[in-house]
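From these two lone chains plus the hints, build me the complex, please.
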Amino acid sequence: MKTRSIPSRRAFLYRAGASLTGSLAVVAGSAAAESADPLAAQARTGASEEAHSPRTLHRAYANYLNAGTFDLLLNLFSSDAEVRLHGGVFAGRDEGIRRLYVGHSRQTLRPEPVHELLLEHPLRDHALVLATDAATAAARFHCLVRSRAALVQDLPLLEMARQQGQSSVEWWEAGCFENTYVLTAGRWQIAELRYRTLGNCEALVPHARGKPDFVPGFSMLYPRDPFGPDRLDRQSA
Amino acid sequence: MSVPKINYPKEQMHRIRYTKLTPQQIAEKLAGAASPQCVTAYSDALSGKSLRIVTDNGPSLSYDFKSKSKLSLAVDGGSAAHAGYGALSLQQLVLISHLVPGTQTGYHLIVDLERHLATVFEVWFSGYTDNREVQRQIYFGYLKTQGGEPPQARHALTNRLEGKAYHWRQDNGIETLELYPSVLYSNFIELTRLGGELSFCGPSDYVKIDDDLYVYSRVECEFSGTMTLYALDLNALKQVGVRLGFDAADALEYYMFSGTGMPLGQIASFEPFDDHGEKIVLGNRPQPAKKGERPVYRPLLTNPAMTHEEVETAVAKHSVAFGAPSPMAGNRLPSSSYLAGKALTVRYDDGGPVLEYRFDSGQQLHWRAAGTAEWREETYEAWEPAPGVVFFGHLLGGSPRHDGVAIVLDFENALSSCVQGWLGTPYMANEAARKTWFGIIEMPGLTAPQYRRHRFTDELVGRALTWNYSQGLTSMHVYTTPYSFSWIIFLPSDAGGLEWSGPAQYVKLRDDLYLFNWLEEACNGTLGILVINLRTMHDCGIGYHCGKNGLSMSAIGAQARNAGSFDIRRFYGPKQA
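So the protein lines, in turn, are chains A and B. Under the working numbering, the residue at position 135 of the first sequence is numbered 135, and the numbers go up by one with no gaps. Under the working numbering, the residue at position 531 of the second sequence is numbered 531, and the numbers go up by one with no gaps.
These are calculated hints, taken from the structure and not from any lab test. Just so it is clear, the structure is predicted and the values come from calculations on it, not from any experiment. Please note that a few of the clues may not be correct.
To be verified - 25 Å max Cα-Cα, derived SDA-like pairs, lysine to any residue: (1) Lys279(B) with Ser167(A); (2) Lys291(B) with Pro226(A); (3) Lys548(B) with Asp154(A); (4) Lys238(B) with Lys317(B); (5) Lys291(B) with Gln24(B); (6) Lys317(B) with Asp154(A); (7) Lys435(B) with Leu157(A); (8) Lys291(B) with Val281(B); (9) Lys548(B) with Gln153(A); (10) Lys548(B) with Leu158(A); (11) Lys548(B) with His308(B); (12) Lys49(B) with Gln24(B); (13) Lys290(B) with Lys508(B); (14) Lys290(B) with Gln163(A); (15) Lys291(B) with Glu159(A); (16) Lys291(B) with Lys508(B); (17) Lys279(B) with Leu158(A); (18) Lys548(B) with Ser167(A); (19) Lys290(B) with Ile138(B); (20) Lys508(B) with Lys317(B); (21) Lys317(B) with Ser167(A); (22) Lys291(B) with Ser167(A); (23) Lys548(B) with Glu159(A); (24) Lys279(B) with Glu159(A); (25) Lys548(B) with Gln163(A); (26) Lys317(B) with Gln163(A); (27) Lys279(B) with Gln163(A); (28) Lys290(B) with Pro226(A); (29) Lys508(B) with Glu412(B); (30) Lys279(B) with Pro226(A); (31) Lys290(B) with Ser167(A); (32) Lys548(B) with Gly217(A); (33) Lys317(B) with Gln153(A).
What the hints assert, rightly or not - Coverage of chain B stretches by chain A, computed from C-beta distances (three or more under 8 Å per stretch; other residues unrestricted): (34) 337-350; (35) 556-569.
We treat Cβ as the ideally placed atom computed from N, Cα and C, and that holds for glycine.
Just chain B, with the same shape it has in the complex (with noise of 0.2 Å):
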């Protein structure tokens, strides 16, 4: 029996320690890379011809082709190069892709042959502080003809992606759910080199041809650093693309693709109606200047990892929960003393933590471990995010973790779930890790159930909701696995802008109400824990995070507007062959 099996990697992305490759490094293993590979056949369409392409601020490329296979370019009428190139064509579109020998640089043309016009993809390695990280420069231009006159139109950058989601299978077979949230990034979910657990974002160019054809690009920065790029056509649902970058291996991967596509929906997007996105304004930021400079955002940047030492001493300095007010809670539930006076008993299965709780006050509550004798005091939070559920986290004092709780009580159900947070996991010290309990509450007036619990659910996957936090802070969560989440920050025009993902787990509580949490993993550590009202579009949480200036709980509060959908659920069911 022949089984086929994906091909799960030992390490998702933001766990591969990626080799700082050299630029000496770079310059060897490109050295050999003639032309890019590609399954299916090059097209001819500009063999023998030459083209000079024009840019706006940057090169003059003149082009001759001498083959399908060959081509010499020349630079601001500089000497000729010779190089390898494929060619593959989309409609009126012949996307071109090869590197210069000789140089850690490179060309992806997408030369529009009906209009005369071109969009240059100038790219290179070697041009940030990680060598192997593709950097890009885009030009916009056209084809000078022989008398003719320029053409005052050009390709443009173009909102008219955003919010839309394909999944794309190449001619190598490799499958991919790709989500066009933002302006300035997109997700990637990569079905089948990865398995599809969790969504991973790159910076992203969106470039509109005409009304039908578009270019998409991203580069995986924080990751390997692989540039991907394609046109695609809305209508025919077809791509050709081109692929450049080294894999988790350090192997350069420089192909050359064609691809079949699948609308998965439409999310909306909230710039003014007369925006179309042809320039990307940065508010208070300098618009990028220097060549190939573009927003990225670099979590491990901003958020270097602490070591253990560093860990205990930030705790031991300061560990507060529920302390200064939060802008994530500017827009929080009213906190609940329903508690008040109560004591009960959480119990949750599988070997998991038995807990006795006196709940002094609505800020103030006794715990202890069942079967130990001391009661530790700590102060909690609760909200009610539905009625009969009450919604309460602390942090365990005295934990060695320094572990954390977030606790559902469902009242009228007697069940209970947690989710159990503490600082640590292999990769980083401050690095929060979960794990999700299932359970029931014991108290005098509640029988609880012998098999019902809430549990894990994939309803929530393809939504996207947008959060206001407070003034100002607003975000969009694309629920994009059934384990990650993404978030994505607008810009000043409300258009998305910066979007990262993270690990996240989902749990039904009752219809339209969700436990959700996620991790900010390899990031900033946090684990943030919400529950999701769909009825009335709020939510109440709690953030969990451990920085250089110590370990902190704190709420969370947000109000929801409903951006859509995409219809991506049914992508990651188990395979069957």
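Pulled out of the complex, with its shape left as it was, chain A reads as follows (with noise of 0.2 Å):
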């Protein structure tokens, strides 16, 4: 496939999206340019703008993501997307996505407040190529994750670890998509969304008490697990 890069790859610096199953995953990338870019704006607006390119659909993504509207993330997918994440694959956007984002997401997702950080990072080596025929684009977006996951358990130390606001354990993670886009009828859609970590910034909080391996990989496949993958994948465990 022939394929031509996008000169201003400095825009891919802008927001980058990311999701950790069981976890709560609020993003950030470096992005001073875009505070007149409110993600909160963009989560009101439909499917159609988000379609313009690739990087306004990952920044859509992104969007949704951090404000928890699973429904509407689901929309930037092609029927036949799938994601890899987290051990897992989820293929179909009207059957793995959605158990993933709907099902899972909001099932393990507690209603607690997550604050976004925004950071000042240098986070480099962003891509987008396009193939010839404009029809289809790679992409890759590096990203800051900042994770979540929820302390569960039935343990009297966690109960007491809760009752002082200690539900969760955070972390900073360094992760790249690596994602592929299909435009159909004018609109880009996501093809294949893949998410790895790529380690932990303890740099950034450093007394975080979690790590990016917190949060054990998917092994159980759907139906076994009602709201488990498709496929396992390690590449992305």
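Here you go:
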């Protein structure tokens, strides 16, 4: 496939999005220039504005993920899309991907305030390449993810911790999306979303109590796990 | 011969069924309390003077001290109330305490005559489900002077007392050990009132006046609800204080006291060095906003007691040994298969159990009580906490009390110790009880000693160890008395947070190796049994617990750090005249 690079790579240093299943995830890229583009405003818009380019599509993904508007998030995927996340492959927008976001995430996330932090951080090596037919594209977005995994076990110590506001384990991690996109009827959609953790960023949160491996990867397939993946994927574990 | 004696209570605090007093009953009891009692003569430092205390985000209090026992108070310019009061001085501080007649409210004031500052504890009854529990709201402010500019400084919350401990002897003869291992809670060991057997915990406040002077308060939440508050001088080792509440017989305790202290050491604190504790940040939990609100651990609220029938139903529904991995065992020792293929008998003294074992594998065993024919199969887990020592546990299937055992096998000495746990106490059906047995191992190649045994010890008493179980789950143990200990959960800043206590036992296995168990009585009913190796600073252990989800025996494993020690062992020996 012949490709050409998108010249304005800097544009992709803005917000990127990520999710960790079984955890809360809030995303920050190096976003100084994006203050006039509040995420909340985008969340209220329809899909048409999001579909101008893979870049805006990816920003919308981060937007919806942060806002927890998973139903809107689903509209960003093509019907036969796949998500590779946390050791699982979720196939099909209306089946596996819906199960991941609307089922799993909504079920496991807790109604707790998550304070979004935007950091000036030198995230580089973003890339977007378009196929020559301009109908498909591949992109890599680096990002910083603030993750919070709820402590849900029924343990006396955890109950005490919950009562003093420690109902979760938090960490920052560096992550990378390697996505592919497809242009359908003039509208970009996510064909495949792959997220992998590159490591945690202890320097950013010196008192973070968790690390990216706090939440074990998916290990049980659907339907044995009602919110589980269709296949396992070691590369994204 | 006059024999002095300790009047041990019939029940320790966590077992007393304190009366749920009604607001009306409390009002009647307060009606007769004109002013606090005190052994020491009250100060007349304020007699004939007037003070106007202006607080930040709180009331303005206008006082006229008509004598050293009578005052009038107008709140926010309202009509004056007349009350009896007591005042005690400590350096430049005057501690004043009074109730407001006709109400269930009172004030404890710490007035700083040197810097013209004041800390106001407004206190009241009937502000929580348990009406007898004293509620408090702290206001920081200043003394308004004519023509003078309000001072900018304030007394403030602090972590500067965190890690300290004192022996206090009040002027009325009451002796206590008081440990401050947290910024939210404290430990108190009542040497006089309760005989110093167990430590207890209460939500506490720590206020810094200056580098020498502080204010401490606690409320005995979940017990009598009594408040103890005092100002303390760290250099002079003096205190002046007040106690307000209802005792186990529901009699009003309202007295002021002075006292002398003895420092008992300092354990480590873990917050960042430039964190001085002026704000207590509570993670995801909203900061207390309502008057009197504070984090309080109420174990029976979150772990309601179960009936015997509920326990039987829960156990029948789910009973598991060493099932799913637990966050309490994230840093566990590797499981040991040392016992696989072996057969042995453990024989315990004094009528204790005699158990025969055949270890089929590293996870399955057969056991039977000596003299019985039937072998029972159980799942077990074993660890090697020190060379030559194996620690394992399993449920005793078929036991009507749903017993479990945690057994130390000391092959070097042919000794064994066993903590046998079961469900049900006279207080709660889902609460574990336990008996510790000492004995020997019988197996080919081992000759057991006749007299030597592992034995109870107080060597750990006073020490503090942090235990990191897994990511996000770290606590600190403070081994507070020979018969109890406390555990503390760290706040997001790593300052000490919520704390609770339970009865405990300490057994010395060998130098730096201990078998430790505790009961979360009047709490969730858990029995925990650990082998603590102070050389490796690692433990291995077993939790035995019954809740609404059934009976479980699960692994515990954590890595330790030394947090220091308190010099308190000397207070726990048998008393002599």
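Which numbered conditions among the earlier hints are violated in the structure presented, ordered from lowest to highest? 2, 4, 12, 13, 16, 20, 21, 26, 28, 30, 32, 34, 35
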